[in-house]
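Respectively, the protein sequence lines represent chains P and L. Going by the working numbering, the first residue of the first sequence is number 11, and it counts up by one from there. Going by the working numbering, the first residue of the second sequence is number 4, and it counts up by one from there.
Worth flagging that the hints you see were computed from the coordinates, not collected in a lab. Predicted, not measured: the structure shown is a model, and the values here were computed from it. From the three backbone atoms N, C-alpha and C, an ideal C-beta is built for every residue, glycine too. Heads up, a few of these hints could be off.
[As the list claims (entries may be wrong)] Derived CB-CB ranges, DEER-like: (1) Ile-30/L <-> Gly-42/P: 20 to 30 Å; (2) Ser-251/P <-> His-173/L: 32 to 42 Å; (3) Ala-50/P <-> Arg-28/L: 51 to 61 Å.
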Amino acid sequence: MDRLIRDALEAREPAAPAPCLDPETLAGWVDGALDARARAAVEAHAADCARCQMLLAAMARTEPAVATGSRWHFGGIRWLIPAVAAAAAVALWVEVREPAVAPSPGPSAATTTMTAPPPAAETFRAAADREKAVASIEAPAKTKPSEPAPRRDELKERQLQKKEAGQTLDAATPTTDLRARAETSNKRAAAGAETAQAPPAPVAPAAPAAPPPPPASREAAASRIQAFARAQLIEIITPGSAVRWRFIRGGSAVERSADGGATWQVQPIGVAVRLTAGSSPAPSVCWAVGDGGLVVLSTDGAAWHRLTFPEAVDLVAVQARDEKAATVRTADGRRFSTTDGGLTWSAPQEFPAAPFKE
Amino acid sequence: MAASYERDVELAQQCAAGDERAWERFILEYRPILYRAADALDPSGGAREIADSLYAELYGLKERGGERQSLFHYFHGKSSLATWLRAVLAQRFVDRERVRKRLEPLPEIEKDDAPASAPPDPDRSRQLTLVRRALDQAITTLTDRDRLRLACYYLQELTLAQIAKMFREHEATASRQLTRIRRELRDEVMRRLKDDAGLGPHEIARCLELAAEDPGPLDLSKSLGAAAERKESEFDRSI
């Protein structure tokens, strides 16, 4: 009977005279950002349009993975719940009562601690949040929500974070928009920075202002995140094989994996220029391009040598056919080609832009 | 435009205007998303080409009336920029696949060396036709949303988890909804067989039995093999 349903659906005449969904409407539907009328119109069209059904399916398949976590089984520690609740109530009571107990206008370490939480810690946590969000975005898309449950300490951390954001923990309704998570983390980071720069609270006017976070640590956190993101940014897959290449250390070194990304071997490229793109037409061949006209090539899957490029222009893309032929694209849209392994390069051509199909 | 997408629109406008710092931010934040999406569409890396080609269009290398024609001009903040980029990528990918499938030669019909089977039973074929017609009509009575659910499950072969995400509901809800739709379809088919075709309870049962037995023109072993590989929770597929 399932087959009959499938057959019947396949045999249905396309009854969708309206134009197909444009990417923005489609994205709005996926994000749940359309009003009821627009949503209904999208569903009415997509219900009978094979192309839009394929589009929706493609969107579903490219949905970023979220570590939703399975339900936390309290099991043997159920008895801890009231104890934790009582402890939280006591802590809250102490926190609320503290200013009244210590009304002294003089500088007090206790009030300082209460009114101005250590900004460095806040900034660090916000930075860690951002890093987590980036890591989530970087997580392989194949990860399914039903995959390994997070550790309990992670769950606790999430619970804590959600409480801070004034939300309730609901493991059954996972957040699906990673971008929103990243934004939230960024906002929190910004808020943390603002908190750090804000004057002390009026409760303790004489208290010395909390020290601003050391700029070095903020910069270090930012560069760490950036380095992490960059390290994960560019991954090159050799078609039809388990070989992968990726750029690390901000694009100044290459790693190669022969087992689909399970293990990686570092391969120095001998230059301190950032790599921006690569192309691997065969398991032992990889082309990589970077800033300032950098083109490097490996033909044995291990050693890299630099090729001469006619201009010191930033290169943003490369498409290689084999170890001899490749086309690179410059940041200003020109295209250079070689068919002799980089000994000579063809005259630059304007990169053709395909018309946008709505 | 939702307030939460204002930043995305701002970034898109800055990129469309050629702001280098905005571009740097865009590349840093969105390239991984695009690449992950491309890899999810085609794990062999074929869709990365499309992702790479998008940058040129987003940058706007063509000019019209002295103004750069950037793809970003089509983004107005109805969704997040990340989802919009995935939608554009999905559109390009689907269109390419449709063209490819259209150009693919049809498989040659194999010669049937098997001995001719017994002539079809006219009664059986009539009953199957009745079921098919009733089912087709029953599908038209479904709501758009329910038809879309069915299409996602049966034609696009999405998993329950993917359908649940798409409809912003829990996987168990998606499963219950499909069960409900199929129950409704079955009830409607039985009603139509009774009212429109004037069949009695025994004949209706026979029709449904035949429909369940009928191997049809499709090679079910392939479908079942593929279905077994699908990552989905246990789900009763019978009506």
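Check: Which numbered conditions among the earlier hints are violated in the structure presented, ordered from lowest to highest?
Finding: 3
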